[in-house]
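S.K.: Here the protein sequences line up with chains A and B, keeping their order. All you need for my numbering is the position in the first sequence, starting with 1, plus 128. All you need for my numbering is the position in the second sequence, starting with 1, plus 128.
Treat the hints with care, as some may be off.
Unchecked claim - Residues from chain A that keep clear of chain B, each with C-beta distances beyond 10 Å, as calculated: (1) T139; (2) C212; (3) S237; (4) S374; (5) P398; (6) E530.
Unchecked claim - Here are the simulated distance ranges between beta carbons: (7) S243/A with Q242/B: 28 to 36 Å; (8) D245/A with D321/B: 50 to 58 Å; (9) D245/B with A235/A: 48 to 56 Å; (10) G247/B with P311/A: 42 to 50 Å; (11) A254/B with N415/A: 41 to 49 Å.
To be clear, the hints were calculated from the coordinates, so they are not data collected in a lab. Backbone N, C-alpha and C define an ideal beta-carbon position, used for all residues, glycine too.
Take a look at the letters that make up each chain.
2 protein chains.
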Amino acid sequence: MSLIVQKYGGTSVADVERIRDVGHRVAANRRAGHDVVVVVSAMAGETNRLLSLAKDMCPDPDRRESDVLVSTGEQVTTALLAMCLNHGEVPAVSLQGHQIRIVTDQAYSKARIQSIDDGRIRTELAAGRVVVVAGFQGVDGEDNITTLGRGGSDTSAVALAAALKADSCEIYTDVDGVYTSDPRIVPSARKLDRISYDEMLELASLGAKVLQIRSVEFAKRYAVPVHVRSSFTDTEGTWVVAEEASMENVLVSGVTSDRDEAKITLVGVPDQPGLAARVFGTIADANVVVDMIIQNASASGTTDLTFTVPKADFRQAMGLVEKLAKEVGATGVRTAEDVAKVSIVGLGMRSHAGVAAKMFRTLAEVGINIQMIATSEIKTSVVVDAKYVELAVRVLHDAFIEPKESAA
Amino acid sequence: MSLIVQKYGGTSVADVERIRDVGHRVAANRRAGHDVVVVVSAMAGETNRLLSLAKDMCPDPDRRESDVLVSTGEQVTTALLAMCLNHGEVPAVSLQGHQIRIVTDQAYSKARIQSIDDGRIRTELAAGRVVVVAGFQGVDGEDNITTLGRGGSDTSAVALAAALKADSCEIYTDVDGVYTSDPRIVPSARKLDRISYDEMLELASLGAKVLQIRSVEFAKRYAVPVHVRSSFTDTEGTWVVAEEASMENVLVSGVTSDRDEAKITLVGVPDQPGLAARVFGTIADANVVVDMIIQNASASGTTDLTFTVPKADFRQAMGLVEKLAKEVGATGVRTAEDVAKVSIVGLGMRSHAGVAAKMFRTLAEVGINIQMIATSEIKTSVVVDAKYVELAVRVLHDAFIEPKESAA
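So that you can see chain A by itself, here it is in the shape it has in the complex (with noise of 0.2 Å):
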């Protein structure tokens, strides 16, 4: 007998209907003898029906308050699914971040899982019971409730098998696994296994939207074995699991892409000491995340410094970057709003040489030039025309990813 902890998202739990296959699903995993924890998401679009009763309130609502708001979400989920289960004699119990105590720091909207308690799942496991908890939410130190942000479920879902040291952590979704790439853009795209939480990081964080970030950093340091997997079907998924020595064998595990990029270039920079630390902190302060950034010194003794907002933030970023062009001197400042991200990830390339060298050459190939480079352990990224990315997608899957065996 293994104790399972499933996350099941907002499209799996869309309606009564819906919620209620969830149940016969929880329901076999019991009779199969399993003892079951069910992490449930707001049912689709409660969420933002109650976000938008809030902005009918108030545009700017106070985030401790829009926090007790959408919690209700999953709140009104737990109760339904232990319903359904109690109904089909399955006894179950729900219960919501406050009861279990899932203790976050108080960055409301944002808040991340400091403890979890297990005593009370564990009480109500003992007496037979399936326990259905509130994803998304938790209380802090002093029992106000926080939520985790988007996705933010995947991420209670992780910290319970870890808190429960949980056999394993199924995340059910509306698609069926962690792909090569995107299917939309490239077809022959297919399900990976297995992938390591490195790869799964770099993926996740590269715009693949299949698991919340922070749940995947969960995972990989409490070593939870994390299956990712659709409610449709009752196919295998992908499981997501620590570094295994096959895995090296594999050059790029997923090709992906990330249009949400606008890039600005300080140009003729005095080159001198203190000058990124003066600009990335005047940006950091204004709270733009910035992505990628390049600096070249050249022989003049000015430089270029390159660097990569989101979208939603350039005009913002803008403001500042025109301010402090002038106060350090900068020649110009040039800015490309049409780019987008294309990477490259996998375990191999930590072992394995030319592999970046094999990606600009495909690339070059098909005449897409090149506009930045970033390289981590396990991934590199260029910034090409937006233009051109779905054929930067398309040419790096077929040049790195082997095909599916049954289309071989």
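Please arrange chain B on chain A, whose structure you already have, making use of the hints.
M.R.: Positioned in the frame of chain A, the structure of chain B alone reads:
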């Protein structure tokens, strides 16, 4: 500076606009220098929406989970009102039952408040904040969410006022006070300025749906002055207060009626000890609440046993009574489903003879036959044919209640 507890019911917080109106009223009280604790119900229709979700899920929803579900309605209102106040620069904080620790027993859907911890509320008030409390909800000793039953927010408000030793408890509703009778039946009915707890209890239990009975019991026990008033106007409503000497001068404070009664008579029952206990024990075991009971011993050694039950329980009660009739050797069973109870309530009855006699005479003068009579210290009730109920209420109001001064 005084401490005021204000409760706003469902119609007073029906939508974002109405909640904003409540915000203005609370802000005005705050600006006048008062400490304010606001108790809110769910937005009109929300509790029913949630209950219908539960019914869609299963016909007989688990009661613990039903409380988890419906308690979200109040939570949403607290968050929206606190947002509204903060936006208007009136610092405010929402608190749920579990955050305050409004501790109840474990009778889901009709829990009773056992204790209230005033610590968190006092801290927030001392910090200059308006405290917005979710009515209707609490937690039991094991942190399970409970609700107090329909109208429970009234009880939340009065219990909080008692725990905080508030100067007054204002119950905002869609009527502007407690009336001497239902104005839809008696156009000359007038608003009472003051009424004693005991009179209010009799009126509430007789169907005047202004205040939950339990809230009046609480108010009486802890001597909380309750001000029932309209959230649509600024006029004074009705104060429900401890008995005052002058109140005895008023013979009758109110005339009420209740159509939700059905009458059952066991005819010709052998007059033996223990008979009534057997009959009403059996009916109570079936959870049917019996209201009036009348037994008249006759010279022949048999007796007629007449009682009333809620109309909804009539069929169930009849099933039991027909079996009992045979067992106890009654000669028959007579029933009347089309009856109604009409009552007069007033402290003055205690010290003034002849009130009941005047009531019977008044009814006789218009040809209304009295089927049953029951009296308590401050109330006299009669059961009459349902078709005479409005006439009975009107003639009794004319006979006992002084006309409005403005109409005099």
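S.K.: Per the stated criterion, does the least C-beta distance between P398/A and chain B lie above 10 Å, as a non-interface residue requires?
M.R.: Label holds. Min Cβ-Cβ 47 Å, cutoff 10 Å.
S.K.: Any Cβ of chain B at or closer than 10 Å to T139/A, or is the non-interface label fine?
M.R.: Holds, because the least Cβ-Cβ distance between T139/A and chain B comes to about 18 Å, which exceeds 10 Å.
S.K.: Using the C-beta atoms of A254/B and N415/A, is the stated range 41 to 49 Å upheld?
M.R.: Given about 33 Å between the Cβ atoms, the range is violated.
S.K.: Go ahead and decide if the range 48 to 56 Å is satisfied by the Cβ distance of D245/B to A235/A.
M.R.: For A235/A against D245/B, whose Cβ atoms are near 27 Å apart, the range 48 to 56 Å is violated.
S.K.: Would the non-interface assignment of E530/A survive a Cβ cutoff of 10 Å against chain B?
M.R.: holds, 46 Å
S.K.: Would S374/A pass as off the interface with chain B, using Cβ distances and a cut of 10 Å?
M.R.: holds, 46 Å
S.K.: Is it correct that the beta-carbon of C212/A has no partner in chain B closer than or equal to 10 Å?
M.R.: violated, 5 Å
S.K.: Beyond 10 Å from every Cβ of chain B: is that where the Cβ of S237/A lies?
M.R.: Holds: least Cβ distance 13 Å, greater than 10 Å.
S.K.: Given the hint of 28 to 36 Å, check if S243/A and Q242/B actually sit that far apart at their C-beta atoms.
M.R.: holds, 29 Å
S.K.: I want to verify a distance hint. Is the separation of the beta carbons of D245/A and D321/B within 50 to 58 Å?
M.R.: Roughly 53 Å apart at Cβ, these two residues keep to the hinted range, so it holds.
S.K.: How does the Cβ-Cβ distance of G247/B and P311/A compare with 42 to 50 Å: does it lie in that range?
M.R.: violated, 56 Å
Hint compliance for this structure: hints 2, 9, 10 and 11 are broken, all remaining hints hold.
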